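J.: Now for the letters of each chain:
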Amino acid sequence: MPKNIENLKRMICPSCFAKDIDPIFLQRDRRDGEAYCLKCDYVASPEEAARFLRELQRMKYGVAYRYEAK
Amino acid sequence: MSSLHVNLIHRADSGPETLEALRFQLEEAQRLGLQATVLVSYRAFFDSAMMAYLQELRQKRSVEFGIHTHCLVCPDYIEHFKTRESALYYLSRSLKAAVLKRLFELFEKAFGFEPKAIGAYILDAWTQNHIKEAHPGVEVAITNCFEEGVKMYHGNDNSWYLFSDGGPWGPFYPSKESSLCPARDEAEWNGLVALPHLNRDMLMALTSRDDYFSSHPVNLFRARINEGAECPYAFRFINEWNRQLEVNGYAYYSLFVSSPWLADGHWAIENVNEARSLYSDTLGYLRDMVDAGEAVSETMLDTARNFRETKRIGSAEQCHWIDALRSKGREVWWQATPDYRAAIDLNAGASIVDLRPWCGRNDLNMGPEEPALWNGNYPFVISSEHRGGQKRCSQRCVLEVGDQQAELVGARYKVEVADRESFSTDRREARVGDATVKIRSRFDFSKEGCIEVERILEDSDTSLPVRVTESFRGCVGQTEYPEDLRGIVLRVAGADSDATELEFNYDSRTLERKGSGSAQASIPSLRASISLGVEDSDVSLEAREGVMFDPFFELRASRELKPGESLKTCLRISKI
Chain W
870 MPKNIENLKR MICPSCFAKD IDPIFLQRDR RDGEAYCLKC DYVASPEEAA
920 RFLRELQRMK YGVAYRYEAK
Chain A
90 MSSLHVNLIH RADSGPETLE ALRFQLEEAQ RLGLQATVLV SYRAFFDSAM
140 MAYLQELRQK RSVEFGIHTH CLVCPDYIEH FKTRESALYY LSRSLKAAVL
190 KRLFELFEKA FGFEPKAIGA YILDAWTQNH IKEAHPGVEV AITNCFEEGV
240 KMYHGNDNSW YLFSDGGPWG PFYPSKESSL CPARDEAEWN GLVALPHLNR
290 DMLMALTSRD DYFSSHPVNL FRARINEGAE CPYAFRFINE WNRQLEVNGY
340 AYYSLFVSSP WLADGHWAIE NVNEARSLYS DTLGYLRDMV DAGEAVSETM
390 LDTARNFRET KRIGSAEQCH WIDALRSKGR EVWWQATPDY RAAIDLNAGA
440 SIVDLRPWCG RNDLNMGPEE PALWNGNYPF VISSEHRGGQ KRCSQRCVLE
490 VGDQQAELVG ARYKVEVADR ESFSTDRREA RVGDATVKIR SRFDFSKEGC
540 IEVERILEDS DTSLPVRVTE SFRGCVGQTE YPEDLRGIVL RVAGADSDAT
590 ELEFNYDSRT LERKGSGSAQ ASIPSLRASI SLGVEDSDVS LEAREGVMFD
640 PFFELRASRE LKPGESLKTC LRISKI
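So the protein lines, in turn, are chains W and A.
For the first sequence, the working numbering assigns the number 870 to the initial residue and increments by one for each residue that follows.
For the second sequence, the working numbering assigns the number 90 to the initial residue and increments by one for each residue that follows.
Calculated from the structure, these hints are not laboratory results.
Heads up, a few of these hints could be off.
Stated by the list, open to error - Okay, derived cross-link-like pairs now, DSS-like style, lysine-lysine, Cα gap no bigger than 30 Å in a straight line:
| # | chain 1 | residue 1 | chain 2 | residue 2 |
| --- | --- | --- | --- | --- |
| 1 | A | K171 | A | K149 |
| 2 | W | K888 | A | K480 |
| 3 | A | K651 | W | K929 |
| 4 | A | K221 | A | K190 |
| 5 | W | K888 | A | K536 |
| 6 | W | K929 | A | K417 |
| 7 | A | K265 | A | K400 |
| 8 | A | K480 | A | K657 |
| 9 | W | K888 | A | K527 |
| 10 | A | K536 | A | K480 |
| 11 | W | K929 | A | K503 |
| 12 | A | K480 | A | K417 |
| 13 | A | K527 | A | K480 |
| 14 | A | K503 | A | K527 |
Keep in mind the model is a prediction, meaning the values are calculated, not measured.
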C-alpha cells in the first residue's frame, strides 16, 4: 500500500452503506486529508463523510447515531 | 406449550480468541439459566484447548452438543479429502458423505455418543436424506438461511456463495425431494425437523438484507442500527416474533451468534464490549420472558420433539409481520403450505409480491455433479423485489372508472381480522381519476393449493361503473436476471372444453374469454401450473404473453362492480 494512504478503520463509506453493502472502511489520503472509498467513487472530507453517514442512518432507520471521525 | 420456543445456539470453532468468546457466551447462558446448544465444527476437534473446554462442559452436562458443518478446512480435512472447498453443500455427493462420516466419527470419539442435532447454513435434500439414512439418530438440523441469496451476495461484494432464497422461515418437516419444501405427509417427510439459521425480519427480508436484521444481535452492529451498546430494535424484533403465537399458534426464536462475532477484532464490529453488552442484554430479555411465562428455553432436540407434538406434517404456517425497524406500521403477511410460499404486502394494496410454487419440488441439490450447481434458491413465479416492483411483478388489483385507471398498489392496507386460514384488510380509499372508491380485500388460504382473493367494492362516489381487475403478472426466476420463458403454455378455459392456448414466444399475444373459467400458465421448468379462476358469468378472462423487454405472462380476471359487490378469484398453484 502506498505510504501516503492510511486506513480509516472506524469510518465506513456512506455511499456503500446506502446501497446495503457491507461496511467498507474509507481510506484517507494524507496529502489533502480526503477520505475515499476503494469500492465506489465516494470522496469527501472525514467530517463531511461522518455527517453524511449520520444522516443516511437517520433516513434508513429513523435513528441518530454517534459516529466520531478519527 | 403456548410460549415462544427459544434456542440459544453456539458454534465451537478453533483459536484462542474464539474460545474466549465462546466461554463468555456460555457463562452468560449459565448465569441466566438458559438452555444452550454447542455445535462443534470440524476444526474444533483439532484444537486441544477448545476440546478440553468442551469436555469440561460435557462432564457438567450443562449443554447440548451437536455437529456443525461450517469451518471444515484445516490440515486434517485437506489431508483426508484433498480439497479446500469450505462449503459442505458444494462438495460432491461422495465427499459430502465422507466428510459427514468423519465428522460423526470425530464427534463420537470425543463425546462417546452419536449427535442428535446438526447445524449448517444449507443442507440440500440429498444430504438430509443421507444423514437420516447413515445416521438415523439425528433428529434435528439447521437446514437453511431464510432469504439469504441474491441480496446478501451483492451486499457481501459478490463473495458469499450461499443461495437459499425461497424457503420456510421457521421450523418445518422437510420433504425428501426438495430441501426447501415442507412435506405434505409422512411419506414425503425425510424424518428430520428442520430449523432455520436465525429468525429474520420478515419485512426486511423483502426489502433489504435480512442477515443484518435477524436474531443475531451482533449483526445489528454490522447494519449500523445501534447507538453504542443500545439497540431498541433488538427487543422490538423479539416481541414481534413472540406476537406470532397469536397469529400462527406456534412461534420459534433462535439466537445463534458464532463466537468470532464476539471476539476482539471482528471486521464488522468497532467495539467488542458494546457488542457483548447487547448480546447479554438480549439474553437477559429472553430470560425475563421465560420468567414471565412468555417463552420457554430449549435445546434444539427439545424444540424438535415439541414441534412434532405441536404441529402436524402438512399444516400451514402464517406470519403477520408489523414493521419493527421504523415502527411505522407497515405490514406484510407470509403464508406457507406444502404447495407454495406467498408474501402479501399490505402496504402495496395487499398484493402478492413473492410466490414460490413449492408443489413442483424442484431439485435444489448442489455440488459439481448437480444440475443446480451453486444455486439453491427456490424459483419464484412472482418476485416484486427482483422484477421491477409491485406494479410489474405481483398479483395486484387494478381499478378503472370510465377511461381512468388506478392501481390499488397505492393503498396502504392493514390487517383488520385474521385467523389461521384467512385475513381481511381494513377499508381504503383509492382515487381513480375524479372518482373515489372504497375497497377492502380478503385473502383465504383454507383450500389446499389455493389463495382466494376477494376485492370488495364497498362504496364509490361516481355513477359510472367501476371495473375491478385482478392481475397476476408472473415469470420464472431465481435471481434478478430474466430467464427463458419459452416452453410456458398460456391458456384460457371454461367449464366446457373450448380452451384456447399458446406457447410463450415473446410475441405479445392475448387469449380472451367471457364467463366462468380460468386463465392459466403451465410452467414445465418448475413442474407447476398457475391458474387464476373465477366462478362468475360476468367476468372477462385474459392470458397475455409478454415481450423481451417486458418478460412476463399476465393472467387477468375483471368485471364491473357496483357498491356492495365483489370480485372473487382463486389462484391455484398445482403440480404438473
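J.: Take the hints in turn and mark each one as holding or not.
T.: Hint check results:
Straight-line distance between C-alpha atoms of A:K171 and A:K149 comes to about 37 Å, which puts the hinted pair past the 30 Å bound. Between the alpha carbons of W:K888 and A:K480 the distance comes to roughly 22 Å, so the proposed pair stays at or under 30 Å and holds. A threshold of 30 Å between alpha carbons decides the hint, and for A:K651 with W:K929 the separation of about 42 Å lies outside it, so the pair is violated. Straight-line distance between C-alpha atoms of A:K221 and A:K190 comes to about 12 Å, which keeps the hinted pair within the 30 Å bound.
Distance restraint check for W:K888 and A:K536: the Cα-Cα separation of roughly 41 Å exceeds the 30 Å cut-off, and the hinted pair is therefore not satisfied. Between W:K929 and A:K417, the direct Cα distance comes to roughly 13 Å. Compliance with the 30 Å bound is thereby established for this hinted pair. A hinted pair counts as satisfied when its Cα atoms are at most 30 Å apart, and A:K265 with A:K400 qualifies at roughly 18 Å. At most 30 Å may separate the alpha-carbon atoms for a hinted pair to count; A:K480 and A:K657 meet this at roughly 20 Å.
Taken as a hint, the W:K888 and A:K527 pair is broken in the structure, with Cα atoms around 37 Å apart against an allowance of 30 Å. Proximity of A:K536 to A:K480 is assessed by CA-CA distance (about 27 Å); at most 30 Å being required, the pair is judged to hold. Restraint check for W:K929 and A:K503: the C-alpha separation of about 22 Å stays at or below 30 Å, so the hint holds. As the CA atoms of A:K480 and A:K417 are separated by approximately 23 Å, the hinted pair is consistent with the 30 Å bound.
The hinted pair formed by A:K527 and A:K480 meets the criterion: a straight-line CA distance of about 20 Å does not exceed 30 Å. Simply put, A:K503 and A:K527 have alpha-carbon atoms about 14 Å apart, close enough for the 30 Å limit, and the pair holds.
Hints 1, 3, 5 and 9, counting from the list given before, are not met by this structure.
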